[in-house]
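**Student:** Now for the letters of each chain:
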Amino acid sequence: MLSILKDLLRYNREFAAGAALLGIVVAMSAMSALAPMPPDDVYVVPPDLPPSWTYLMGTTSRGQDVFWQLSFAIRNTLLFGFIVALLSRILSLVIGLLSGYLGGFVDRVLMSINDTFIVMPLFPILVMFYFVMRDRMSWAALALVMAGLGWAYDARLIRSIAMSLRTRQFTEHSVYSGMSTRQIVAQEHLPYVMPIVFSTTMNNINWSIGLEVTLSVLGFTNINTPTIGVMIYWANQHTAMTAGVWWWVFFPVALVIMVFIGLFLLAVSMNEYIDPRSRLSRMRSAKT
Amino acid sequence: MQSINVYIVKRLGQFFLVVFIGINIVFFVTHATPIDPVEHSIMAAAMFGSTSPEAINMLREALADLYGLKGSLWDQYWTFWKRIAVADFGPSVSSFPTPVSTLIGRAIPWTVGLLLTAVIISWVVGNILGGLAGYYRENRLLKAAGVVAMGLHPIPYYIIAFVLLIIFGYLWPVLPLGGGYQRNMTPGWNLPFIGSVITHGFLPALSLVLVGFGAWFMGMRALVSNIVTEDYVVYAELAGVDRNRILGSYVMRNALVPQITGLGMSLGAIFNGAIITEQVFGYPGVGTLLVSAVHAGDYSLVIGITTISIIGVAGAVLVIDLLYPLLDPRVKIG
Amino acid sequence: MSVLRNLAVAASACVFAFSAYAQSSNLPRHETLIVENPEGTIKNPGWFNYWAVNAGGRSTGLHQLAMDTFWYIDPNYGIDGVWDNSLASEKPIYNADFTEMTVKLRSGIHWSDGVEFSADDVLYTINTHMNTNGLFWSAPIQINVASIEAPDKNTVVFKLKKPNSRFHALFTVRWNGMWMMPRHVFEKAGDPLKFAFNPPVSIGPYTLHSFDNNGKWFTWQKREDWKRTTVARYGEPGPKYVTYMDPGPPDKRVIAQLNHELDIIHDVAPEGMFTLAKQSKTSRGWFKGFPYAHPDPTLPSVILNHQNELFQNKDVRWALALLIDIKAVSMASYRGAATISAIAIPPTGTQPDFYHEPMETWLTDFEIDTGKSKYKPYDPTAGKQIADMLRPSMGDQIPSDPKQIAKAFGRGWWKPNPQVATELLERAGFTKRGDAWYTPKGQPFTIRITTEGESRPVMTRAGSMIAQQWRQFGIDAKIVVAEGGNLIFVRAAGDYEAIMSWSVETWGGHPDLSFFLDSWHSQFVAKPGSPQPPRNWQRWSNPELDKLIEQIRGIGFDDPKGVEIGKEYIKLTVREMPVIPLMAYNVFTVMDETYWTGYPNAETDPYTDPVPNWANTKYMMVKLRPRQK
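Residue numbers (our numbering), protein chains in the order written: chain A, 1 to 288; chain B, 1 to 334; chain C, 1 to 629.
It is worth saying that the hints were derived from the structure and are not from the lab. Take these hints with a grain of salt, some might be off.
[To be verified] Cut-off 25 Å, straight-line C-alpha distance, at most; resulting in silico cross-link-like pairs (DMTMM-like, lysine to aspartate or glutamate): (1) C/K194 <-> B/D231; (2) C/K288 <-> A/E172; (3) C/K281 <-> A/D115; (4) C/K527 <-> B/E61; (5) C/K527 <-> B/D88; (6) C/K547 <-> B/E54.
Sequences are here, hints too, so could you generate the full structure?
**Tutor:** Set out below in structure tokens:
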């Protein structure tokens with residue numbers, strides 16, 4: 001595993017760049033542990049100060065230090081993306097593998113559900129969830145809902161791989177040797193789909209963070225928990241852009257863009273790593 | 001022929017199933033909201049004026065009666081399907097007695113017009129550039145385009161729209177900041193009006209294209225760079241066929257099949273995009289309508305809009321599925 | 001590469017070729033007044049039948065420019081006094097026991113299609129509301145009116161079912177009122193619930209010019225026969241065209257006014273107001289300098305739910321009030337540009353003359369007895385302290401004359417005192433363990449303050465400051481957001497613990513309190529779980545209050561005894577603290593003087609409320625004059 005990482009870092013510039021970007025972001029979120037003030041208190045520093053050595057990223061019109069506020073925000077945002085990805089991966093793996101391996105009736109039922117989720121207009125549904133749950137729509141609840149909605153595309157992808165695995169000889173061998181469905185799927189097929197799971201994880205984190213930002217900015221989430229979206233939400237409430245408090249918007253947007261590009265580069269490079277053809281050509285061109 | 005019929009029937013069955021499940025989910029989720037449309041109307045009416053509580057109670061009765069909201073959930077569910085069957089969503093509760101279809105009818109040309117244009121532009125631009133980039137791998141301009149595509153693609157749509165608005169709204173204010181066309185203009189098929197629509201739609205469309213074209217670009221580039229290693233392309237090159245012709249007639253053509261499927265699927269995202277575009281750019285369309293319907297607890301309007309979008313998306317997927325055998329004869333039907 | 005180049009050329013061509021169409025309107029700018037309609041985009045723009053409950057827009061210009069009724073009460077001082085006889089030629093004439101109201105009508109007033117307005121229209125309007133359920137004013141008419149008759153063309157007599165000394169309030173505009181219907185149009189229209197009234201036949205000085213099918217704007221044009229409408233008494237309306245539009249979120253509104261494309265902003269965040277004050281020489285608020293905003297006769301408060309057992313004890317309510325530092329709340333919400341009030345009357349219009357000023361001595365002497373100590377909570381200098389706090393950064397625009405300070409920033413408020421709050425809470429059975437407070441039942445003391453989020457940023461900010469102050473004291477307080485229309489529902493359903501909203505609204509110009517107070521009678525308090533009719537959102541019932549309300553019902557609208565009863569109401573609410581009053585609803589209405597002058601303002605000409613969604617702003621049109629030709 002370590003040697004793969006080393007390989008990737010050495011031969012794959014995308015991977016190195018992505019890892020570096022994410023490194024910065026994670027370091028930023030780790031800073032939240034050192035924050036001198038609780039994240040939801042307002043008017044703890046003088047408002048509206050531009051970036052300076054005392055306030056590295058300036059202060060907000062709510063009297064918060066953008067730097068520390070941002071550290072909490074990015075921590076929560078990352079955690080959110082991670083949880084959604086984790087939960088929805090479990091769903092898509094179970095459904096994709098079962099559907100692909102078992103085929104027939106189970107496959108048809110599961111894929112009908114799957115296709116329904118694919119055509120559902122997601123954003124309206126999320127907004128409606130917000131209206132049903134209102135103040136109970138905590139950060140964790142939103143993560144659960146998003147995980148419940150975010151597995152369908154990838155389940156289809158995993159299913160197609162599982163389907164092709166089913167026809168391979170080793171599956172037949174396993175069946176003849178008396179392994180149960182659970183064993184075959186978990187022990188034989190899972191390793192094959194893991195790479196694709198990793199790369200979809202990155203995309204899924206991107207997707208969920210993107211939606212979280214959008215929902216928060218529009219005020220459809222719990223605005224007490226600082227996230228990147230919630231920060232922009234408060235900045236908009238204080239018309240920060242026209243009032244000239246640009247740093248309140250700029251730093252969160254810049255940081256979240258770093259997250260997106262970082263994750264995306266990791267996903268791309270992993271995809272390439274999985275596909276030996278492009279890996280070979282890259283190594284060849286790296287040598288020449 | 002037998003197998004094609006079976007295939008079509010199966011696809012159609014799938015379509016109806018998906019639409020049925022989707023509409024059911026929407027019905028029950030909307031009816032689970034605690035927002036009571038009657039209460040909403042009353043508050044809108046009583047917000048500012050002098051109102052006696054006695055009168056409000058009386059009005060509440062009258063409105064519940066008028067809106068037909070009496071009766072159990074199952075009664076409403078049954079009425080709902082009876083109406084869907086004849087493509088009637090009934091009157092909007094928050095704009096009573098205007099029919100839901102009238103409200104949607106006014107908004108939908110804007111949404112479809114903008115989003116369809118944007119999706120098609122990004123699909124065409126993304127595929128052409130991606131194809132070129134996959135074939136001419138060493139071209140610097142195309143490499144640069146690749147970097148732009150990769151950089152923009154993962155950023156969520158809201159952020160892109162927001163940044164564009166800041167650039168063209170505050171830093172370099174050349175484009176209108178909202179609306180679908182110039183104020184006080186009479187809509188019609190004349191140059192000034194069309195021009196006005198294009199200028200007003202430019203920024204929203206640009207944001208959609210910027211976010212959208214990256215995925216097509218990268219997909220096409222990957223497909224093309226795989227295809228160029230295939231034997232028939234190598235032969236064609238050795239035989240001295242013009243390179244542009246190879247790209248156009250052999251490579252791209254084969255690579256397009258999966259991209260067309262993708263186009264069908266991406267129509268699904270149209271609706272997600274609509275709400276955000278309209279919120280950020282103040283563009284007219286069903287997104288704003290939907291949000292205000294949700295705010296007002298207007299079940300009939302919410303259901304009307306989401307149902308149309310579900311049918312639209314599932315329909316697009318169906319059409320693509322049905323066309324697929326024609327596009328790619330290699331696809332095994334069964 | 002030609003593809004790339006072509007794309008680039010095409011894109012830039014698009015931008016420049018059509019830049020001509022980027023202008024926002026094709027009407028002469030110097031003849032047009034452009035106003036923000038806070039209703040935003042109208043869902044059903046082709047609907048102008050105001051009398052059906054779910055009309056399209058209301059403040060799209062429809063009720064400011066095209067509607068009229070008997071009387072207007074100005075929220076400020078009025079052009080010719082607070083009371084204006086509009087379609088009526090004199091004040092309402094009641095009989096001795098308030099069971100009959102006679103209205104004398106003005107003659108020579110015409111609808112925009114040339115038909116003369118008369119008692120027939122009034123009879124039609126009232127009879128239609130009596131015979132149809134579900135119209136906007138059906139219920140109050142059916143409850144009150146036994147019959148109506150017109151002895152002559154210019155007189156109508158209402159016979160009431162029961163005595164009602166405030167029946168005329170229904171036809172008296174404060175924001176809106178019961179508008180008169182054109183009989184000759186509606187009579188032919190069939191079911192009045194299903195008639196769109198498009199285009200509307202106007203009785204105001206303007207008629208509809210055009211509107212956007214998507215509900216983003218409505219343009220009105222001055223009637224050629226504007227002389228045959230009621231405002232003609234004050235002269236010719238200035239603007240030839242008036243456009244009411246949805247300019248988008250606050251940022252865009254500020255930009256639009258900086259570009260002189262929006263003459264009146266309805267409301268904007270305080271920061272947006274400051275930006276405009278700094279960057280646009282022609283923009284001004286109600287006050288020339290700080291705090292700029294117009295205080296509406298509405299009283300944002302922390303409304304506590306009296307059907308929640310935690311807030312049934314007045315000691316708890318007082319403790320919570322004594323934990324609020326109004327200076328911080330004023331800074332957090334309005335950046336100091338708030339007009340504070342310790343008593344449950346909005347500190348606006350003529351109300352301070354009637355109530356705030358005379359009550360000062362009583363308030364200063366008011367004392368709380370916690371059982372352990374006695375405390376005089378009123379700090380008459382709170383407003384002055386806010387002004388002093390702002391002076392270093394805002395300079396000369398902060399007044400130093402105490403009278404001006406009282407007008408702009410308000411008078412006193414409650415001095416925060418955690419010690420007294422602790423004693424009050426302990427007397428109520430609450431306990432503090434460690435850093436956290438627990439309820440008498442031993443549960444953590446949590447309060448969720450519902451706010452309206454993006455729809456009302458300033459209140460959301462005030463709420464989050466108050467939550468923080470309570471939190472610092474050891475109460476687990478947080479805000480929750482009920483975006484947009486959702487708050488209305490939560491508030492009516494009583495589905496909240498505390499809410500940033502208002503249950504006190506007054507006429508502004510007139511001291512009568514019945515406008516909101518009558519609805520606070522305990523006879524209207526809903527059972528838990530069922531919806532509460534406006535405006536007693538706190539669901540407070542109190543026998544003493546009921547007596548005061550009944551006394552008001554028994555006297556006339558202009559009876560000077562009304563003010564005395566009002567003072568008793570203030571004393572009662574100070575003792576009981578049913579809601580925690582904070583400040584006036586300050587609206588940052590910003591007016592651009594590039595094209596128009598003559599806007600109302602606090603210093604020289606407070607003739608009406610500039611907040612443009614009020615129907616009372618019709619008086620603004622006759623005072624506006626073009627600046628350049």
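**Student:** With a cut-off of 25 Å on the C-alpha distance, tell me whether C/K527 and B/E61 pass.
**Tutor:** Holds. C/K527 to B/E61 sits at ~17 Å (cutoff 25 Å).
**Student:** Verify the proposed pairing of C/K281 with A/D115, using a straight-line Cα cut of 25 Å.
**Tutor:** Violated, at roughly 58 Å.
**Student:** For C/K547 and B/E54, compute the direct alpha-carbon distance and say whether it is at most 25 Å.
**Tutor:** holds, 19 Å
**Student:** Under the criterion that the straight-line Cα-Cα distance not exceed 25 Å, is the pair C/K288, A/E172 satisfied?
**Tutor:** violated, 85 Å
**Student:** With the threshold set at 25 Å, check whether the alpha-carbon distance from C/K527 to B/D88 stays at or below it.
**Tutor:** Judged against 25 Å, a Cα distance of about 38 Å means the pair is violated.
**Student:** Next pair to validate is C/K194 with B/D231; report whether the Cα-Cα distance is within 25 Å.
**Tutor:** violated, 71 Å
Of the numbered hints listed earlier, those contradicted by the structure are 1, 2, 3 and 5.
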